[in-house]
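Asks: Residue numbers (our numbering), protein chains in the order written: chain A, 1 to 410; chain B, 1 to 410; chain C, 1 to 410.
In case anyone wonders, no lab produced these hints; they're calculated from the structure.
Since the model is a prediction, treat every value here as computed from it, not as a measurement.
Built from N, CA and C at the ideal position, the CB exists for glycine as well.
Please note: incorrect hints may appear among the correct ones.
As the list claims (entries may be wrong) - Listed next, the stretches of chain A that the computed footprint assigns to chain B, with coverage defined by at least 3 CB atoms under 8 Å from CB atoms of chain B:
1) 193–202
2) 366–378
Unchecked claim - No farther apart than 20 Å at their CA atoms in a straight line, the calculated lysine to any residue pairs in the SDA-like style are these:
3) C:K129 x B:I161
4) C:K118 x B:P205
5) B:K14 x C:N128
6) C:K380 x A:N61
7) C:K367 x A:A108
8) C:K248 x C:M238
9) C:K118 x B:Q204
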Amino acid sequence: MNNSDLKNLIKKQKPNYTLDQAFYVDNDIFELDIKNIFSKQWVFVGHSSRIPNFGDYFLFNIGNESIIIIRDEKNTIHAHYNVCRHRGSHICLENEGNKKLLTCPYHAWSYNLDGSIKSARLMNEGFNKEDWNLHKCNLKIFEGLIFINLSENPNNFDEFISPTRKFIEFHGLAEAKIAHRELYPTEGNWKLTLDNFHECYHCQPSHPEYCSVHDKDYILAYGAGSNTGPSSKKFNKMLENWNLEVKKMGHVTGEYTETEFNDYSRSAERTPLKEGKYNETKSGKPISKLMGKFKNYDRGYTSVGTSPFNSLLMCNDFATLFTFIPVSTLHTQVELMWLVHKDAKEGKDYDLEEIKWMWDVTTIADKRIIEDNQKGVLSKKYVPGPLSKMEKGLEKFKTWYLKHLDIAIS
Amino acid sequence: MNNSDLKNLIKKQKPNYTLDQAFYVDNDIFELDIKNIFSKQWVFVGHSSRIPNFGDYFLFNIGNESIIIIRDEKNTIHAHYNVCRHRGSHICLENEGNKKLLTCPYHAWSYNLDGSIKSARLMNEGFNKEDWNLHKCNLKIFEGLIFINLSENPNNFDEFISPTRKFIEFHGLAEAKIAHRELYPTEGNWKLTLDNFHECYHCQPSHPEYCSVHDKDYILAYGAGSNTGPSSKKFNKMLENWNLEVKKMGHVTGEYTETEFNDYSRSAERTPLKEGKYNETKSGKPISKLMGKFKNYDRGYTSVGTSPFNSLLMCNDFATLFTFIPVSTLHTQVELMWLVHKDAKEGKDYDLEEIKWMWDVTTIADKRIIEDNQKGVLSKKYVPGPLSKMEKGLEKFKTWYLKHLDIAIS
Amino acid sequence: MNNSDLKNLIKKQKPNYTLDQAFYVDNDIFELDIKNIFSKQWVFVGHSSRIPNFGDYFLFNIGNESIIIIRDEKNTIHAHYNVCRHRGSHICLENEGNKKLLTCPYHAWSYNLDGSIKSARLMNEGFNKEDWNLHKCNLKIFEGLIFINLSENPNNFDEFISPTRKFIEFHGLAEAKIAHRELYPTEGNWKLTLDNFHECYHCQPSHPEYCSVHDKDYILAYGAGSNTGPSSKKFNKMLENWNLEVKKMGHVTGEYTETEFNDYSRSAERTPLKEGKYNETKSGKPISKLMGKFKNYDRGYTSVGTSPFNSLLMCNDFATLFTFIPVSTLHTQVELMWLVHKDAKEGKDYDLEEIKWMWDVTTIADKRIIEDNQKGVLSKKYVPGPLSKMEKGLEKFKTWYLKHLDIAIS
């Protein structure tokens with residue numbers, strides 16, 4: 001498909017309908033998506049507690065790319081492309097480990113942990129070492145979250161994080177640790193994967209566990225974020241009362257949504273959990289050490305989207321973080337990371353199974369749902385279908401996506 | 001390959017030679033085959049006894065398409081594309097089962113078994129339910145055989161079935177049941193798979209079991225149908241005598257072949273089995289209840305081809321039905337279905353192993369043969385080879401195929 | 001990529017740098033490589049001792065091609081494409097075996113072992129048997145080595161083998177037998193696989209076993225052949241002394257490299273092993289019967305490259321032979337064959353494990369190295385890197401390759 005055909009196709013997309021098939025199955029569009037959407041966003045791919053010591057590293061892999069995230073002797077974390085500047089070999093072969101020096105296993109070129117080249121034996125005249133440092137990847141650490149950006153000209157990080165900053169900071173993620181990580185490889189296009197995450201219309205038929213934790217009216221009106229469903233007077237009243245109460249406790253309240261089109265697709269809000277629930281567990285009872293600035297439980301739930309590729313769903317005593325990675329046209333990697341207070345001890349302060357329960361079972365269900373959705377979308381009979389009142393979040397995401405793509409190819 | 005190149009290639013094909021490599025390996029030609037050949041034929045994909053009760057269904061899958069074949073409360077069988085009209089999810093996830101209502105597992109849109117939409121929650125203004133029924137697939141039930149047609153403008157079914165009707169009806173398939181089904185996934189282009197089925201030149205070297213059941217002269221002259229090999233005076237005499245005898249019994253006799261080019265590629269004939277054989281089993285002895293209008297065994301064998309994609313090979317007391325499904329350029333699904341009288345009881349009236357034996361072992365051999373044929377046809381050294389006197393059926397199929405393709409791209 | 005783009009890309013390649021990414025990952029370039037490089041070379045694919053008796057055969061498979069190498073009743077070895085001239089089926093289905101007649105398993109067309117057709121049943125008028133012999137593949141046996149050439153106009157074999165002849169002949173491979181064969185399927189482009197074999201810059205970091213057998217100064221200067229590294233006065237002195245000594249014994253000495261561009265990429269040289277070593281084993285002690293014209297051990301090592309796709313690394317009492325087969329863009333088959341004197345008995349005259357040891361462990365390491373190299377080369381951040389003083393062999397191979405490709409597409 002050439003750019004002019006694609007521009008026409010973009011123009012043809014109707015409000016409040018799903019996208020045409022091509023957007024979910026075409027390899028050329030996928031390449032454009034990676035280049036123009038994914039590669040321009042700040043995406044968090046881990047938490048600094050995963051690599052606590054000098055030399056600790058892990059790899060972030062996406063398609064043909066592999067990024068080394070490593071902590072140096074001065075406690076600074078770096079991100080480098082895992083490509084030796086000599087003949088191109090991968091340097092780190094294991095998904096995680098510890099290295100005090102990045103030595104390529106092929107010909108032993110070595111690099112300092114900041115990516116600067118240290119040694120290359122027997123080079124020809126005219127070889128300038130300083131020209132051959134590792135390719136850097138943009139990286140920022142914010143509250144322990146490791147953000148990378150694959151763009152050559154990344155957006156300003158402070159501008160990017162500014163509207164969600166206070167919500168994240170209140171939860172003290174910098175003082176957290178990873179309780180568990182889990183991968184849910186999903187055979188579906190990244191947009192079908194995110195469509196699923198941008199609406200809670202499917203929650204009632206598909207996610208009994210989620211519905212046992214969250215209030216029916218919350219799900220209706222706020223299930224995929226503020227203003228993603230029909231407004232509920234009942235829930236608005238609940239929210240109003242809760243806001244008053246929580247403000248008195250000195251806790252953060254309120255919400256953020258993008259009001260005009262820009263490079264970002266961010267959102268944040270704090271809302272009360274279902275009556276009687278303190279967090280997203282089966283019992284709903286307090287389960288671990290309070291995190292961040294919480295002195296007392298406020299029964300609140302903080303939902304933050306920093307980009308389409310990341311979500312933070314945070315209770316007072318633990319947080320579930322999502323990373324969605326487009327791997328290929330029909331494959332998306334979904335990674336979940338559960339964070340608890342760094343001093344909380346498993347078995348003593350918290351039970352991992354209780355913390356994992358809801359989002360683990362829900363993400364397993366979503367994986368199946370997305371895969372069955374993709375199968376149908378591949379049919380020649382698939383045509384865009386009409387969206388419901390509970391799919392406003394999906395519509396918003398779709399609009400943002402189409403505008404970005406349109407601008408990128410103009 | 002553009003249409004003009006393909007037209008030239010079609011013109012280049014020589015009578016009594018196999019096709020050029022491209023027809024067996026090219027992805028573009030495969031897409032054209034599906035669109036112009038397979039999708040325009042009435043193809044049976046099952047027997048109504050597979051879904052005897054209200055709500056019983058099975059899926060027919062081909063490539064990216066999945067069709068739900070389901071029986072409703074009024075005993076009518078329907079075929080629908082397995083694609084929810086909302087966001088496109090598959091609705092039925094299991095290959096077979098029972099559903100009283102077609103509820104999409106994603107957002108719970110529901111459809112009646114006739115495909116009409118029943119409910120969709122919380123839709124926006126302007127949503128007209130009646131616009132969102134399931135996509136229907138053309139379907140006809142004939143003698144219990146479930147025929148579908150993927151065309152938007154299917155040929156008239158009565159016209160299509162007319163010449164083979166009496167042969168099929170005599171066997172009483174409407175009063176039959178499935179004794180066994182088996183899949184033989186074959187790594188070969190669908191035309192190599194059908195080439196194999198359209199000649200019995202390979203029977204003698206490759207199929208000892210088949211040759212133990214059928215007369216040598218029958219195999220020579222009729223192995224792949226009437227007039228597919230050199231004529232045999234000996235067999236013509238046998239046939240003449242048998243016809244007289246069988247007519248007296250009031251059984252159907254005769255044969256049908258297409259005499260001029262048309263949309264169809266149908267054939268039918270009744271012939272005698274090898275001396276002393278009553279059916280296609282190892283012993284050749286009567287093995288189950290007589291089917292259809294047979295009052296006594298007539299030692300006859302009814303061979304019907306309704307299209308290149310289906311064959312019915314019928315003895316007096318059981319029938320073996322073939323469905324050939326082009327899945328991708330180098331992959332064909334072959335399904336066999338053995339039918340017996342609906343009142344015949346396994347273990348008492350028939351032994352499944354005896355009934356299955358010949359075509360099971362023969363189809364396993366054919367799978368291997370076709371796969372080794374495909375491997376050689378992929379070689380740069382493959383060039384069309386000369387056909388023998390026993391490959392007239394293959395030549396006929398090839399000619400029909402090339403004409404159809406030529407017309408379709410004109 | 002069209003030819004004019006490719007010519008520009010070829011022109012852009014810089015001396016003493018690795019190639020651009022496309023040469024290692026592009027499917028079109030791979031097809032050109034097969035057609036213009038691999039298919040024009042004489043490549044040995046086995047040793048005649050693998051098929052000692054009338055009717056013995058083995059298959060040489062590459063991509064979609066399968067070649068039957070078979071010995072006939074007059075003791076002549078033939079190479080035929082494994083494609084029946086009738087409908088194209090593979091004729092030999094097993095990787096090796098014994099056949100007194102090549103009978104196609106499909107329709108029983110049969111061929112003599114020299115490829116001439118023997119019988120085809122029931123053919124139509126006008127069928128001339130002599131037109132339907134098997135497609136021959138060019139074949140030469142030299143010193144027991146079975147060379148094939150996939151070209152329609154192969155180069156003259158005697159011209160091709162002339163400069164390496166004396167080195168190979170001295171080792172008496174015609175009087176040898178296969179002690180062991182092993183395949184090392186490698187997920188990397190064939191040029192990355194050969195790059196690895198054309199330099200010993202990686203030997204010190206990656207191959208401790210190799211470095212225990214060979215002298216440090218030999219590795220530096222000669223590790224990938226004569227003049228592939230910086231010259232070493234110390235090793236030159238060793239070589240000079242050893243040459244004098246060995247000449248006295250009447251053994252072959254000297255070296256060959258291509259001095260001007262031609263169709264071939266051949267090399268040969270004899271050099272001394274590390275002090276105290278008699279061969280490439282862990283102990284370095286004599287291990288089997290002396291081969292060929294050796295009367296006494298001379299501690300020499302003969303390294304011969306007949307083309308980029310074959311290497312012969314020969315000690316006095318055994319030889320390790322390499323065949324590199326480009327299978328697809330990202331896949332190369334590497335086959336090793338260890339030869340010993342035909343009268344040497346395993347367990348008595350030699351211990352297979354000792355003979356295999358060094359190149360088995362080294363090729364397993366190279367497989368891993370090449371695969372990790374390929375992964376990095378697939379990254380968007382891969383750019384050609386600078387070569388060291390020890391990678392002159394790689395540079396020479398690269399230059400030869402680029403010139404050939406450039407000429408082929410001109």
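Asks: Which of the numbered hints above does this structure break?
Replies: 3
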